[in-house]
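Q: Sequence:
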Amino acid sequence: MAGQRLAVAALMTAGAVLFPADFSSAGAANAQTVAPAAPVAVAKAEVRDEAKTGASRFAAPGKTLKIGAKGTAVKVLQTRLAELGYAPGRVDGRYGGSTLSAVWAFQKVNGISPTSTVASGTWKALEAPRAPQVLVPKGKPTRVEVNLAKQLLVLYVNGRVRLISHISSGSGVAYCETATWEGRSQRFCGDARTPTGDYKTTWRRDGWHRSYLGQLYNPIFFNGGIAFHGALSVPLTPASHGCVRLPMQVAEVLPGLVGTGVPVHVRGRFVR
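Those letters in the sequence shown? Residues -28 to -1, 1 to 244, per mature numbering (1 follows the signal peptide of the UniProt record, and there is no 0), in order.
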C-alpha cells in the first residue's frame, strides 16, 4: 500500500486542477458537490467573448512539443486545455502524463489522431476548437456521457460542459483470473465489457479501493460493480475489466463534481 501511495504521489498532480471559469456553477444539480481546492483563475472575459462570437483570441505559439518538454509553450498549452474544459493537471510548464491525457482527449474531440506530439494541427485546433459530440441531446442538464467509440467522458453541469476526459473502458476480451477474496482463493471470469445504456451514479469510495479484480482509485459506481475510477494506466485503447478508467488527475476532482443519482449515459462501440 505504501508503494502504491508513492506511485500515486509521483503521478498525480500537485496543486489545483484548472477548469474554465465560463463553465463554473454554484454546484451540480442532483449532486453533492465539493469545489476543487484553490482553482486558478482564467481570463473570464476572453472565455465569454469566445462563447459569444465563436472567434478565439488564443494565439498558438506553434512550437512543436513532445513528452518531456518544458517551458513557456507548455504552460500556454496547459492553460488553454484547462480553459476549454480538459484537465491537464497543474500548469507547471512540464509536459508529462497528466498533460498528455488532456492532449489526447482534445485531439479526439477535434478529429485528430491521438499522439503525444503537439504540432501545427493541434495548435490550429486549439485556436478554433470544436465542442464535444452530444450523445443525449435531451438529457438532464447535469449528466455524464461516455463515448466508447472515442474513449471519452464528458461531464455536463447545468447544461454546460464542465469536464472532458480521456478514458479507457472494458477491453471486450474474455478473462479468467484467480484472486484472494473474502478470505479465500476464488476464480473470476467475464468478458470485460462496459455495457451501453442509461444508469445513475450510486456508491463511492475515497482513495484506493480494493476489488476482486484490482485496485480502483476514488471509484464512483454507476452500474453494479462498474465504476469510474482513477488508474495508473489509461491507454488509448480499451483495457479494463469493464470499468471506466480515468487519468489520476481527473479521478482526483470528479468525486467533487458528481454526486449520487447523476445520470450516466454510455454509448457507442470501440473499433480496433
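Simulated from the structure, these hints should not be mistaken for laboratory data.
Warning: the hint list may mix true and false statements.
[Unchecked claim] Taking lysine-lysine and the DSS-like style, the derived pairs with C-alpha atoms no more than 27 Å apart in a straight line are:
(1) Lys112 to Lys122
(2) Lys35 to Lys96
(3) Lys110 to Lys172
Q: Next, verify each hint and record whether it holds.
A: Status of each hint after checking the structure:
1. Lys112 to Lys122: holds, 22 Å
2. Lys35 to Lys96: Cα-Cα ~11 Å, so holds.
3. Lys110 to Lys172: Roughly 16 Å separates the two Cα atoms, so the pair holds.
No hint from the list above goes unmet by this structure.
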